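A.B. asks: Produce the entire structure from the sequences given, and follow the hints as far as they go.
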Amino acid sequence: MARGKGSDPNNSSHRLTAQDVARHAGVSIGTVSRVINNVPGVTPAVAQKVNAAIAELGWVPNVAAQNMRTSSSRMIGFIFSDIRNALYAQMTKGAEEVLAPRGYLLVTASSDGNPERELALIDLFKRRRADGMILTIEQENNVSTVAAIGNLSMPYVMLEREVSLGSTSVGADHYRGTKQAAEYLIRQGHQRIGIITGGQGTRVARDRVRGLEDAMNAAGLEIDRNLMRLESFSAEYAYRQTQELMGLANPPTALLSMGVRLLPGVLEALQIMGKSYPEDVSLICSNDSDIARIMMPKITAVRYDAMALGRVAAESLLDQVEGRTTSGTPPRIEIPTELVLRDSCRPLL
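All residue numbers for the sequence shown refer to the working numbering, where the first residue is 1 and numbers rise by one.
Keep in mind that the hints are not guaranteed to be accurate.
To be verified - Here are the simulated distance ranges between beta carbons:
#1 I223 - L124: 26 to 34 Å
#2 R129 - R187: 50 to 58 Å
#3 A120 - A86: 35 to 43 Å
#4 V143 - E56: 50 to 58 Å
#5 I272 - R187: 29 to 37 Å
#6 G103 - G247: 54 to 62 Å
For the record, the hints were derived by calculation from the structure and aren't laboratory data. No experiment lies behind these values; they were computed from the predicted model shown. The C-beta atom is built at its ideal place from N, Cα and C for all residues, glycine as well.
C.D. replies: See the structure below:
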């Protein structure tokens, strides 16, 4: 009679162990342990024999026991600020593409932009003995949050954020992307360029504002601070600020909507006011969302690969977790942005 999957040839009630796998594969128990824990030093041929034995016997390693022996939970925490932001889903997918094949589970948690919840989640991952964390906090200058990060007893990477703790940060080149967008508008004759974005306490916002300022200064143009609305990434905020900007006696002739959740609010406000782009205002958005691609006219966008951000953050974190970092490891890793030209901007006569 054929024995059932997971049973022992001598005792059908016997619970399979690593020793059974080792015997079946003709290797030592130590070799089995190295294979299931992804420890270097096992040849591909031997690893294949062990994995084949595991599959044939139907053995499932005791993860809790593994973690106790190796002091590793094989778990990575990812704290981000807003579960409604589709970019975080892409970053999560990118990180999982790196972590899952290496035997790590990625556990995500949204703080909803609440510093107290950020602290609670950081403490939770510490108590659950996560091997490392990817962090996207709401405010880089929050004293309590920065102190909690500084007291972490595990590796971590800041994603689209940067704190003054000497830690590695991974982000898109928002400075260059915004500067390119502003330079494009200036070449078309625009001198009054508005910007709506959020995260004043983050490098993302600082780089975007600096990109616009540098482009304006290089062209010898005056910067009107009243055209900068920098308080939030929400669609509701974009809706209100677009109406305020377009209702000014001297409104902007071009608008930078820099945040994936802002664009719907901008478009709704223009519609309510009976205005359109590019006729009444030239429009450029960030993060090249589905809306930007399906609207008519299609909307010019500053684009970057959010999945690549997640992959780079995960790789950088694993370098720390698995001891591959060196003194030459860069504190800041950036992925490029590009300006995708469409039909939402027009030259001024």
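A.B. asks: Give a verdict on every hint.
C.D. replies: We went through each hint and held it up to the structure:
no.: 1; hint: I223 - L124: 26 to 34 Å; verdict: violated (43 Å)
no.: 2; hint: R129 - R187: 50 to 58 Å; verdict: holds (54 Å)
no.: 3; hint: A120 - A86: 35 to 43 Å; verdict: violated (25 Å)
no.: 4; hint: V143 - E56: 50 to 58 Å; verdict: holds (56 Å)
no.: 5; hint: I272 - R187: 29 to 37 Å; verdict: holds (31 Å)
no.: 6; hint: G103 - G247: 54 to 62 Å; verdict: holds (56 Å)
Hint violations for this structure: numbers 1, 3, all remaining hints satisfied.
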